[in-house]
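In terms of this note's numbering, the sequence shown is numbered consecutively and its last residue is 280.
Certain hints may be false.
The calculated lysine-lysine pairs, modelled on PhoX-like cross-linking and capped at a C-alpha distance of 20 Å, are [said to hold, decoys possible]:
1. K16 with K123
2. K266 with K16
3. K16 with K226
4. K263 with K16
5. K123 with K146
6. K186 with K263
Derived CB-CB ranges, DEER-like [to be verified]:
7. G61 with A212: 36 to 44 Å
8. H239 with E172: 18 to 26 Å
9. Q82 with P109: 35 to 43 Å
10. R132 with M215: 16 to 24 Å
11. D218 with D91: 28 to 36 Å
12. P86 with R176: 41 to 49 Å
13. D24 with D91: 20 to 28 Å
Hints were generated in silico from the structure; no laboratory data involved. Note that the Cβ used here is the ideal one computed from N, Cα and C, for glycine as well.
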Amino acid sequence: MIGVFDSGSGGLTVFKALRETFPDQHFVYYGDHGNAPYGNRDADTIYALTVSSLERLFELGCSLIVVACNTAAATGLRRLQQTWLPDRYPDKRVIGVIVPMIEAMTGVPWSVGSDNSLQAHTKETVAVFATRYTVESRVFVEETAKRAPNVNLVQQACPSLVRLIEANASVEDLRRAVRRYVTLLKRRLGEKRLDAVLLGCTHYPLVEDLFAEVMPRDVEIYSQPKVTASSLADYLARHPEFACGRESSVTFYTSTEPEQITKLAKRFLSDSSVQFQALP
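Build out the structure end to end from the sequences listed, making use of the hints.
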């Protein structure tokens with residue numbers, strides 16, 4: 001059984017791509033909505049909440065968990081993979097949404113560190129649009145520098161975008177917000193040519209088309225759902241023991257009252273059959 005964890009509902013975009021890519025898998029989605037948003041909390045609290053949520057998914061029977069939350073992944077994913085997981089659950093695995101994005105953009109597998117041969121990487125300037133917390137963590141900048149030091153990563157925080165998306169704002173309001181953030185980034189770029197864009201928040205795929213509207217056609221946009229699904233396919237091909245197979249089912253859990261979360265999820269997934277339940 002594969003678990004998908006997020007502090008809220010943005011991870012549903014990743015879940016949707018995983019479900020479409022692996023229709024025969026048994027998935028469990030858990031949103032810690034009762035403690036969201038994580039971005040307003042300190043690093044130690046975020047780590048503790050993340051570990052607690054992963055434990056709940058392991059207790060439900062998951063053998064592999066995708067952390068579909070940039071805040072949780074940026075704050076403590078490596079730490080828990082190196083310390084907590086080997087000690088508590090050595091036979092289980094946890095992966096995130098940040099590493100696949102950097103691998104896809106740089107073309108460098110995670111097992112490969114920086115090397116002089118990477119200086120000729122074709123993507124020289126890459127924009128990252130993300131929440132303020134993820135931008136301030138500099139996780140995309142620092143991890144990209146280890147693998148492709150020639151790539152210039154320019155970050156732009158989009159403070160209002162998640163709120164607008166969850167509030168079901170009009171397309172025009174969303175378009176104005178996206179254009180405002182893109183304009184701010186382009187001002188900092190000046191005359192530099194933009195080669196690619198990373199959408200570093202799991203909510204942003206819902207407005208990916210609006211980002212595409214204001215980007216040159218030759219600028220590649222990396223979106224976490226598609227990239228994560230592709231990365232998981234590669235991972236399961238190398239580690240088939242974590243693929244349950246032929247147990248097609250989905251269960252949705254939340255740490256708060258499920259009614260409002262269900263309404264939001266139905267909109268995010270375009271699926272009226274979605275039903276969240278409170279995790280005891």
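- prompt: Which numbered hints are broken by the structure, listed smallest first?
  reply: 1, 6, 8, 9, 11
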